[in-house]
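Asks: Chains A and B supply the protein sequences, listed in that same order.
Our numbering numbers the first residue of the first sequence as 623 and each following residue consecutively.
Our numbering numbers the first residue of the second sequence as 715 and each following residue consecutively.
Treat the hints loosely; a few may be bogus.
To be verified - Restricting the straight-line Cα-Cα distance to at most 25 Å, the calculated cross-link-like pairs of lysine to any residue (SDA-like) are:
hint: 1; chain 1: B; residue 1: LYS922; chain 2: A; residue 2: LEU933
hint: 2; chain 1: B; residue 1: LYS888; chain 2: B; residue 2: ASN924
hint: 3; chain 1: B; residue 1: LYS886; chain 2: A; residue 2: PHE923
hint: 4; chain 1: B; residue 1: LYS971; chain 2: A; residue 2: ALA1110
hint: 5; chain 1: B; residue 1: LYS969; chain 2: A; residue 2: LEU933
hint: 6; chain 1: B; residue 1: LYS961; chain 2: A; residue 2: LEU893
hint: 7; chain 1: B; residue 1: LYS780; chain 2: A; residue 2: PHE750
hint: 8; chain 1: B; residue 1: LYS993; chain 2: A; residue 2: LEU1006
hint: 9; chain 1: B; residue 1: LYS922; chain 2: A; residue 2: THR1093
hint: 10; chain 1: B; residue 1: LYS886; chain 2: A; residue 2: ALA746
hint: 11; chain 1: B; residue 1: LYS961; chain 2: A; residue 2: THR1091
hint: 12; chain 1: B; residue 1: LYS922; chain 2: A; residue 2: PHE750
hint: 13; chain 1: B; residue 1: LYS961; chain 2: A; residue 2: PRO716
hint: 14; chain 1: B; residue 1: LYS922; chain 2: A; residue 2: PHE923
hint: 15; chain 1: B; residue 1: LYS780; chain 2: A; residue 2: THR1091
hint: 16; chain 1: B; residue 1: LYS969; chain 2: A; residue 2: GLY924
hint: 17; chain 1: B; residue 1: LYS961; chain 2: B; residue 2: HIS973
hint: 18; chain 1: B; residue 1: LYS959; chain 2: A; residue 2: ALA917
hint: 19; chain 1: B; residue 1: LYS961; chain 2: A; residue 2: TRP751
hint: 20; chain 1: B; residue 1: LYS780; chain 2: A; residue 2: ALA679
hint: 21; chain 1: B; residue 1: LYS971; chain 2: B; residue 2: MET1061
hint: 22; chain 1: B; residue 1: LYS993; chain 2: A; residue 2: GLY1092
hint: 23; chain 1: B; residue 1: LYS922; chain 2: A; residue 2: ALA1110
hint: 24; chain 1: B; residue 1: LYS961; chain 2: A; residue 2: PHE750
hint: 25; chain 1: B; residue 1: LYS922; chain 2: B; residue 2: LYS959
hint: 26; chain 1: B; residue 1: LYS888; chain 2: A; residue 2: GLU745
hint: 27; chain 1: B; residue 1: LYS922; chain 2: A; residue 2: TRP751
hint: 28; chain 1: B; residue 1: LYS780; chain 2: A; residue 2: LEU933
hint: 29; chain 1: B; residue 1: LYS959; chain 2: B; residue 2: TYR1016
hint: 30; chain 1: B; residue 1: LYS780; chain 2: A; residue 2: PRO1090
hint: 31; chain 1: B; residue 1: LYS969; chain 2: B; residue 2: LYS993
To be verified - Covered stretches of chain B (in silico footprint by chain A; criterion: 3 or more residues with CB under 8 Å from a CB of chain A, positions within the stretch not fixed):
hint: 32; stretch: 762 to 772
hint: 33; stretch: 799 to 805
hint: 34; stretch: 881 to 890
hint: 35; stretch: 985 to 992
Stated by the list, open to error - Take a look, some chain A residues computed to stay more than 12 Å from chain B by CB distance:
hint: 36; residue: ARG687
hint: 37; residue: ILE841
hint: 38; residue: ALA1036
hint: 39; residue: THR1091
Think of the hints as simulated: they come from the structure by calculation, not from any bench.
Think of the CB as a built atom: it goes at the ideal place given N, C-alpha and C, for glycine as much as any other residue.
The chain contents come next:
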Amino acid sequence: MASVAVVRRRVRRLVPRPALAVAAVAAVAVALIPLAYLGVRVGDAGWARISEELFRARTGELATRSLALAGVVTTSCTALGVALAFFVTRTDLPARRLFGVLAALPLAVPSYVAAFAWVSTVEAFEGFWAAALVLTLVSYPYVSLPVAAALTSADPAQEEVARSLGSGPWRTFLRVTLRQVRPAVGAGALLVALYVLSDFGAVSVLRADVFTPAVFTSISLGFDRAGALVLATVLVVLTMLIVSGEQLTRRRAARYARLGGAGRPPARLRLGRLRWLAVSGLVGTAGPALGVPAASLARWFGEGVSRPGALSGLATAAGNSLTVSAAGAGLTMLLALPLGLLGARAPGTVAVVLDRLAYLSHALPGLVIGLSLVFFGINVAYPLYQSVWLLALAYAALFLPLAVAAVGTAALQAPPALEEVARSLGRRTSHVLRTLTVPLTAPGIGAGAILVFLTCMKELPATLLLRPTGTDTLATELWSRTSVSAYAAAAPYAALLVLLAAVPTWWLSARTGVLTRAVRGGGS
Amino acid sequence: MSDHTRTSPRVVASVAVCTVLTLGLAGCADDSEGAHPAGRASDQEVTVYSGRSRPLVEPVLDEFEKASGITVEVRYGDTAAMAAQLQEEGSRTPADVFLAQEAGALGAVAGDDLFAGLPDEVLDKVPAAYRDEAGQWVGVTGRSRTMVHNVGQVAEDDLPQSVFELTEPEWKGKVGIAPTNGSFQAFITAMRVEHGDERTQDFLNGLKTNDAQIREGNAPIVADVDEGRLATGLVNHYYVYELAKEKGTTVDALKAKNHFFPDGDIGALVNVSGVGVLKGADDDPDARAFVDYLLGRRAQTYFAQETYEYPLVAGVASAPGLPQLSSLNTPDIDLDDLDDLRTTVEMIRDSGLA
């Protein structure tokens, strides 16, 4: 017993919570810059203006419709994502690995590209349900990726126990397996819901009358920042509702961390006659999600005669995209580390509150984040203004939750108990760090970095406002051409953007284990 | 608006004539350094915030760099977002020049008192209707509202004489509009200025009850009209040219044709793209050289021939097939009066069109 106390003290020394907490607070401060800006600007507007914008039927309608869209998309992404993850990780599905990759690839398609593709393919394709469909098809990987990873790494022991007690395979899946991966499902669903609230590309192209386009419309048509920012504040309130809702369900869910390294692969279900049903379901999902954008891009290439421009321009834009996204991912991960570690190593009210605060800007439209960092850059950090670093800071404010979730999961996969045991066996701290903590957490942290990198590459409105003057990325060049309907000229930029984004996406899907895990108990 | 001092009566017929002559006779004389006012020394660099997208203006900027030796640092973005960015940046903006897609954005920036103002000799290159009355900005190109129609579906004789006719039953379900588009907004604002809010609201409600077809922007309207999915639409005049260019054909070969409303009808409003110099570049000769270049013969000719907009400087011809700006009977609207877009947006929302 005494030795446990000693270990505890040592662990405290290794994980100095105060320092971690301070670093985490600093990270959250970055995520809260947009909120401070909203506060300042909305305050400037005055109460009369605020109430005029806030208390009218249209604001209520927009809020209801935005929440409904988020609800529909989140529900369908959750159902689709869990089903896909289950089929590619736990069954004897034919071409399992191929489907595993295909299920992740829609993440590489920016929502505005997907929306353009659908509009030009299906006649009169617009409105709420059109937006719901496109957003579902581009964002279900937010659920399927983490759930697939959780399914491949979950401890099969519990399932085996359930089976031995007489539960059938499906019953075991529903009652045991699903509960084990519940945190991954919840985290993914939360990201989808907030992504839908903040998305501008798909909803504006598809004319879904929800909040984000209304914010843009206020700025672009009325040149009315105050009105736009009051509306954006409503989005923050909606975010609070969603985040605290998720928090409530999370409290009831247990946490399952598996101790130990590789572990045994889980058993695979034989699908039997269901195989082909599952295959058609997967084809029916991946087909539209990837096929429509691919066909549409191919048509853009062929159709118009607008010049695609010099190859060097394409290369420069690609280089810029990679550079700013790498800076964004690097900075975001740096800020996410203390937050994620604090949540995993020192759970408690402080950690929970900080973690939730990091989400608040995540549902704000990129335009608002962009303007807030213009404000911050001009008034607080002028030397950074229009440098890559201010853009990276904007990406951090936008995408911190993606990174924190990855760090948190990774840290839980290297439970402190392991480190405690190692140290109690006489290993030195540095050694423990090198041989245990880093190898166990690095892949998860890397996956977070890749996800943020990918998301930065697709981001448009904040990039337009904050990139260094003269630095154009694939996304901004694509925008520049589609805004004058030069689709043939836009095609190479769109295609390269999707292709470059597909590489990290492939890596992410490989990481979930669908590509590498050996199959046990089922044919393949 | 009201506290802006009005520019003195123009002294400038002579200057204008000289300018035209100089341009006409000596091509590039308009970029000569000699024309610049005494001010700070040139650093051979100008930072441009361009609300016009790269494919439309890059060739002009390249030409300017070559002709002047001045490096252009250009930032492409959405006109409205860029106006918001300039308002947020205030006096610390790195921008020297704002090149905007439309007058409303220039008005918003001018309204925050961020422009340095332009001297009369620059302003007077452009007719008074197409520049800021207080001299804060000047128009570069003109863009007319027009009614695009499918020649197979609407006979010449059936074309309306006024945009107000479009609320009549014969046009039910046949008119495409883009209510969230800036140029539609400016047109509605102009209608309010000319005909009052009540009649404008009636017009908007009429479009709604007449089942006006909503599109995301002008380009989809023109494409749909050309394909016969829509009979007509309210758009800007150059979209048929853009569609022809993108399809690799000529405007004559398209089924979609422009109809300019006659007799000064508000449906033929001419709005501008324009340029203003930010306060920090007040005495920057490079910024001035850039503005002069945009209003010079080469750039004006480029816009006329390549983006099919109306050149605003006298002596430069419009694209073939396009009526000369001066020949259009355009409504007499002061573009400075188009700054109340907020009420316009409200009215469009109230009508149920957006």
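Asks: Take the hints in turn and mark each one as holding or not.
Replies: Structure-based check of each hint:
no., hint, in the structure
1, B:LYS922 - A:LEU933, "violated (47 Å)"
2, B:LYS888 - B:ASN924, "holds (9 Å)"
3, B:LYS886 - A:PHE923, "violated (37 Å)"
4, B:LYS971 - A:ALA1110, "holds (23 Å)"
5, B:LYS969 - A:LEU933, "violated (35 Å)"
6, B:LYS961 - A:LEU893, "violated (50 Å)"
7, B:LYS780 - A:PHE750, "violated (50 Å)"
8, B:LYS993 - A:LEU1006, "holds (22 Å)"
9, B:LYS922 - A:THR1093, "violated (43 Å)"
10, B:LYS886 - A:ALA746, "holds (18 Å)"
11, B:LYS961 - A:THR1091, "violated (33 Å)"
12, B:LYS922 - A:PHE750, "holds (20 Å)"
13, B:LYS961 - A:PRO716, "violated (44 Å)"
14, B:LYS922 - A:PHE923, "violated (37 Å)"
15, B:LYS780 - A:THR1091, "holds (20 Å)"
16, B:LYS969 - A:GLY924, "holds (22 Å)"
17, B:LYS961 - B:HIS973, "holds (21 Å)"
18, B:LYS959 - A:ALA917, "holds (23 Å)"
19, B:LYS961 - A:TRP751, "violated (31 Å)"
20, B:LYS780 - A:ALA679, "violated (55 Å)"
21, B:LYS971 - B:MET1061, "violated (29 Å)"
22, B:LYS993 - A:GLY1092, "holds (21 Å)"
23, B:LYS922 - A:ALA1110, "violated (34 Å)"
24, B:LYS961 - A:PHE750, "violated (31 Å)"
25, B:LYS922 - B:LYS959, "violated (32 Å)"
26, B:LYS888 - A:GLU745, "holds (17 Å)"
27, B:LYS922 - A:TRP751, "holds (22 Å)"
28, B:LYS780 - A:LEU933, "holds (22 Å)"
29, B:LYS959 - B:TYR1016, "holds (15 Å)"
30, B:LYS780 - A:PRO1090, "holds (23 Å)"
31, B:LYS969 - B:LYS993, "violated (47 Å)"
32, 762 to 772, "holds (count 4)"
33, 799 to 805, "holds (count 5)"
34, 881 to 890, "violated (count 0)"
35, 985 to 992, "violated (count 0)"
36, ARG687, "holds (14 Å)"
37, ILE841, "violated (5 Å)"
38, ALA1036, "holds (43 Å)"
39, THR1091, "violated (4 Å)"
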